[in-house]
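Visitor: Okay, here's what each chain looks like letter by letter:
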Amino acid sequence: MPRGARTDTRADTAIAAACALVALILLVLPDAPRARTAGLVRGTLVAPLVTLQQRASLARRAFSSHDSLVLIADSVLRRSQRLDEVTSENVRLRGLLRLSETIRWDFVPAEALVGRGLGDDNTVLLSAGARSGVKRLSAVVATDGLVGMVQHVDANSSVAMVWPNPELRVSATSADGTAFGIVTAHQGPGAEGYLLELRGVSFRSKLPLGSVVVSSGLGGVYPRGIPIGVVIEELRGTAGWERSYLLRPAVRPPDVTSVLILQPGNTAGLDSVWRAQPDSSRPR
Amino acid sequence: MSARSVSIMIVVALMMALHFTLRPVLDWRAGVDFLTIAVLVVAVRVRPGVAALVGFAVGIVADALAPESFGAGALAMTIVGFAASRLKAAFFADNVLINAVFVFVGKVAFDLIFIVAERRLGGSGLAWQLLLWTPLSAVLTALVGLFVMSVVRPTLERRRG
Numbered sequence: 002m003p004r005g006a007r008t009d010t011r012a013d014t015a016i017a018a019a020c021a022l023v024a025l026i027l028l029v030l031p032d033a034p035r036a037r038t039a040g041l042v043r044g045t046l047v048a049p050l051v052t053l054q055q056r057a058s059l060a061r062r063a064f065s066s067h068d069s070l071v072l073i074a075d076s077v078l079r080r081s082q083r084l085d086e087v088t089s090e091n092v093r094l095r096g097l098l099r100l101s102e103t104i105r106w107d108f109v110p111a112e113a114l115v116g117r118g119l120g121d122d123n124t125v126l127l128s129a130g131a132r133s134g135v136k137r138l139s140a141v142v143a144t145d146g147l148v149g150m151v152q153h154v155d156a157n158s159s160v161a162m163v164w165p166n167p168e169l170r171v172s173a174t175s176a177d178g179t180a181f182g183i184v185t186a187h188q189g190p191g192a193e194g195y196l197l198e199l200r201g202v203s204f205r206s207k208l209p210l211g212s213v214v215v216s217s218g219l220g221g222v223y224p225r226g227i228p229i230g231v232v233i234e235e236l237r238g239t240a241g242w243e244r245s246y247l248l249r250p251a252v253r254p255p256d257v258t259s260v261l262i263l264q265p266g267n268t269a270g271l272d273s274v275w276r277a278q279p280d281s282s283r284p285r
Numbered sequence: 003m004s005a006r007s008v009s010i011m012i013v014v015a016l017m018m019a020l021h022f023t024l025r026p027v028l029d030w031r032a033g034v035d036f037l038t039i040a041v042l043v044v045a046v047r048v049r050p051g052v053a054a055l056v057g058f059a060v061g062i063v064a065d066a067l068a069p070e071s072f073g074a075g076a077l078a079m080t081i082v083g084f085a086a087s088r089l090k091a092a093f094f095a096d097n098v099l100i101n102a103v104f105v106f107v108g109k110v111a112f113d114l115i116f117i118v119a120e121r122r123l124g125g126s127g128l129a130w131q132l133l134l135w136t137p138l139s140a141v142l143t144a145l146v147g148l149f150v151m152s153v154v155r156p157t158l159e160r161r162r163g
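Line by line, the protein sequences are chains A and B. Each residue of the first sequence is one higher than the one before, counting from 2 in the numbering used here. Each residue of the second sequence is one higher than the one before, counting from 3 in the numbering used here.
Hints were generated in silico from the structure; no laboratory data involved. Since we're looking at a predicted model, the values are computed, not measured. Glycine included, C-beta positions come from ideal geometry on N, C-alpha and C. Warning: the hint list may mix true and false statements.
Stretch by stretch, here's where chain A covers chain B in the computed footprint (C-beta under 8 Å, at least three residues) [stated by the list, open to error]:
id, region
1, 8-17
2, 98-110
3, 143-155
Have a look at the derived ranges for each label pair, beta carbon to beta carbon [unchecked claim]:
id, chain 1, residue 1, chain 2, residue 2, range
4, B, Ala129, A, Gly178, 53 to 63 Å
5, B, Val153, A, Lys136, 22 to 32 Å
6, A, Lys136, B, Leu134, 36 to 46 Å
7, A, Lys136, B, Val98, 50 to 60 Å
8, B, Leu128, A, Leu25, 19 to 29 Å
9, A, Phe64, B, Arg31, 35 to 45 Å
Generate the whole structure from the sequences, applying the supplied hints.
Guide: So this is what it looks like as structure tokens:
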């Protein structure tokens, strides 16, 4: 081999080795600097591509749900025609009863850009970021219940950890408040990997199959009353002083398209949102 | 910058745009990996070092959207790009079938390296991924890659000549 060609080959190998080394360093970095680096790339180089992906997801949703959206728009229009009258009546009645204003929760609506590729199971990219008021460790919910928690916040987007992530922990209780435990992703084989697990329930609190499990509000991240799942089986083989249950999740992250990011703070009474929706968390 | 380099950059940009627009629209579990196609299209036309750099850059872009595995995509794309460029003389020929096999193997190699580097999948999840989703995705990627290569080849070859 001529000397020039050999030098070129060595240079190529050195470049490839350097790239592989940098990639390996990124892989083993601690969470915080790795998240900062990923956020930097997302906020600069990848920002136009994220916008493209967001538009594409919106287009797909618009195409697939056009008919149902038209129906919803029609019914919303009909209801809104009566809204002013009902609102003023409500204010008048609350004044008569000397009640304060209705409770309001702060939330940020966002599109969930769910990927289907490798490495996309545990996180989801949200289309709202710090500029919209999103804060780290905010709960992310959908109409059917809990989706996850905001893990990283960029200027215009954020990344949420969703419940298949083994690091996600939610303090939970049965809907009637008789049993408490911690919900995590169930590390089971095959399709069981798509289920949740309620651990650490005291032995005297036996939950019947079909019981709805909601967030307990303990820990300060997830407000009380967000549906998490429904009990489908009691797990055997756990220690004698506690019970564990297998839950069917209220929300399947791959099906999530729109979410609400709850702002930490005034979330009292949030459980009434799902209590008013008898269909949520019901077995389907 | 030569006209050929500009053409290659346009092809890469187009593939990346398709990856972030067409893929979410189709929303298939075993989707077409336009990023692997982009890296392979480049890899067979540049030096191995440049192919590794392009692979690294494309991998970082993909990783940024899934920070849990940040670095795994970059590592996998670097190795696929470098290896594809080194093996182009042996594998990249005018034979259509060989080109399809080239893309198929590239996609399978990418998934394998990614899964090993990410260290998340295991047990039956790993088996499903390697025995079903990866081959399905690789077949689709190979078909689309074949189409892309047949479209871009006349342009890129003419510019080289």
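Visitor: Work down the list of hints and note, for each, if the structure agrees.
Guide: Status of each hint after checking the structure:
1. 8-17: This one is violated; 0 residues, fewer than the three required, reach chain A with a Cβ under 8 Å.
2. 98-110: This one is violated; 0 residues, fewer than the three required, reach chain A with a Cβ under 8 Å.
3. 143-155: It is violated, with 0 qualifying residues against the three required.
4. Ala129(B) with Gly178(A): 53 to 63 Å: violated (41 Å)
5. Val153(B) with Lys136(A): 22 to 32 Å: At roughly 47 Å between Cβ atoms, Lys136(A) and Val153(B) fall outside 22 to 32 Å, so the hint is violated.
6. Lys136(A) with Leu134(B): 36 to 46 Å: holds (40 Å)
7. Lys136(A) with Val98(B): 50 to 60 Å: holds (54 Å)
8. Leu128(B) with Leu25(A): 19 to 29 Å: holds (21 Å)
9. Phe64(A) with Arg31(B): 35 to 45 Å: violated (19 Å)
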